[in-house]
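Engineer: Work out the full structure: start from the sequences and follow the hints.
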Amino acid sequence: MKIGIDIGYGFTKAVNEKGDKAVFPSLVAPAGHDALGGFFSQTREYRVGIAAGHKKIDLLVGEAARQSFAVSQALNKEKPPELHDPLLLTAVGLLGQKQAELSIGVGLPLAYYASQKDKLQQRLNRLSVFVSVNGIEHYIENPMVQVLPQGAGVLLKAGSQMPLRGYVGVVDPGTYTTEYLLFEMKEGQPVPILEACGSVETGTSLVYSAVAREFQAQAGSPVPIGMEHEITQQALNRESISYYGKIYDISEAAYAARKNISTAISQKVLAAWGNRAGYIRHTFLAGGGSLFFNSDLGAALPCPVVVNDPVFANAEGYLAFL
28 MKIGIDIGYG
38 FTKAVNEKGD
48 KAVFPSLVAP
58 AGHDALGGFF
68 SQTREYRVGI
78 AAGHKKIDLL
88 VGEAARQSFA
98 VSQALNKEKP
108 PELHDPLLLT
118 AVGLLGQKQA
128 ELSIGVGLPL
138 AYYASQKDKL
148 QQRLNRLSVF
158 VSVNGIEHYI
168 ENPMVQVLPQ
178 GAGVLLKAGS
188 QMPLRGYVGV
198 VDPGTYTTEY
208 LLFEMKEGQP
218 VPILEACGSV
228 ETGTSLVYSA
238 VAREFQAQAG
248 SPVPIGMEHE
258 ITQQALNRES
268 ISYYGKIYDI
278 SEAAYAARKN
288 ISTAISQKVL
298 AAWGNRAGYI
308 RHTFLAGGGS
318 LFFNSDLGAA
328 LPCPVVVNDP
338 VFANAEGYLA
348 FL
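FYI, in this note's numbering the residues of the sequence shown are 28 to 349.
Treat each hint with caution, since some may be false.
[Unchecked claim] Here are the simulated SDA-like cross-link-like pairs (lysine to any residue), alpha carbons at most 20 Å apart as the crow flies:
| # | residue 1 | residue 2 |
| --- | --- | --- |
| 1 | 48 | 125 |
| 2 | 45 | 128 |
| 3 | 45 | 165 |
| 4 | 144 | 94 |
| 5 | 48 | 144 |
| 6 | 125 | 221 |
[Unchecked claim] Quick list of simulated restraints, FRET-style, between CB atoms:
| # | residue 1 | residue 2 | range |
| --- | --- | --- | --- |
| 7 | 83 | 150 | 14 to 22 Å |
| 8 | 57 | 269 | 23 to 31 Å |
| 9 | 318 | 103 | 23 to 31 Å |
| 10 | 211 | 276 | 43 to 51 Å |
| 11 | 221 | 286 | 27 to 35 Å |
| 12 | 264 | 60 | 47 to 55 Å |
In short, the hints are calculated from the structure, not lab data. We put the beta carbon where it would ideally sit given N, CA and C, even for glycine.
Structural biologist: Now the structure itself:
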């Protein structure tokens, strides 16, 4: 079974060779005791058990972890194994097939690719664990793992939109990083302009942070870990926030923050692309961030095109590389 897995700072996205897909928040928490015995189904997405040798841990992953006071989320440029690997194993447990050889494609932001690739690939190739997701168990032993540069697979989603010649760009805004790439098309084949490819440590998290600061300024209390995305979405939907019976409106702050971060991303990308930017035929936008920033970002980039199903663009690209 081949599976492409995009382990983002905000969400984990995965797709297998059958076309099955999964997406869940990149959140992990200790499971503890379920006093309600799984009566409420939303507490079960997902309960994950991981056993290696004599060591066994029980975790909440995804939406289930959001409800925990002990929820953890990767906030550093290098995702620690205790957070990264449960997310990967959950995706495999959801989309894998028992008794099948397993090939996995995962990605790293371009800024960290060269320094982290070998270490990550070696660790994942040595995996030998039992993983159960909501009671369904898989044994994973020495999977074949390919670590790929994030954003590079997006071109495979473009298909017939790719020109035979000229320049094309890729911009993939994420939670903590935004990937950008520039290619010259030669007889339909993309050739990367290496000096114009890279990452900037800017993404949707800066919008979440701005919204959280505004909420704290108004309500006098910080936003709990794991709720930043929820509060921001409410604000961008122009929904009021109820806290201790009082109503707070932070919509204008949310829209201003999204606009400001969009501008910061587009200016950094255009600076990296330099005087080639004017010759770009299409700028392909991918990732959940392309939907989050919407026209705020696209309007500032040359000839923007949002790829089909942008949330899964990287995962599908990793799968195609396999």
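Engineer: Does each hint hold? Answer for all of them.
Structural biologist: Now for the hints, and whether the structure bears them out:
1. 48 / 125: 17 Å, holds
2. 45 / 128: Between residue 45 and residue 128 the Cα gap is close to 15 Å, so the pair holds against 20 Å.
3. 45 / 165: The hint holds at about 18 Å.
4. 144 / 94: 33 Å, violated
5. 48 / 144: Violated: residue 48 and residue 144 sit about 25 Å apart, past 20 Å.
6. 125 / 221: Not OK: residue 125 and residue 221 at ~41 Å, beyond 20 Å, violated.
7. 83 / 150: 14 to 22 Å: 19 Å, holds
8. 57 / 269: 23 to 31 Å: 29 Å, holds
9. 318 / 103: 23 to 31 Å: 25 Å, holds
10. 211 / 276: 43 to 51 Å: With Cβ atoms ~48 Å apart, the hint holds.
11. 221 / 286: 27 to 35 Å: 31 Å, holds
12. 264 / 60: 47 to 55 Å: Taking Cβ atoms as reference, residue 264 and residue 60 lie about 35 Å apart, which means the hint is violated.
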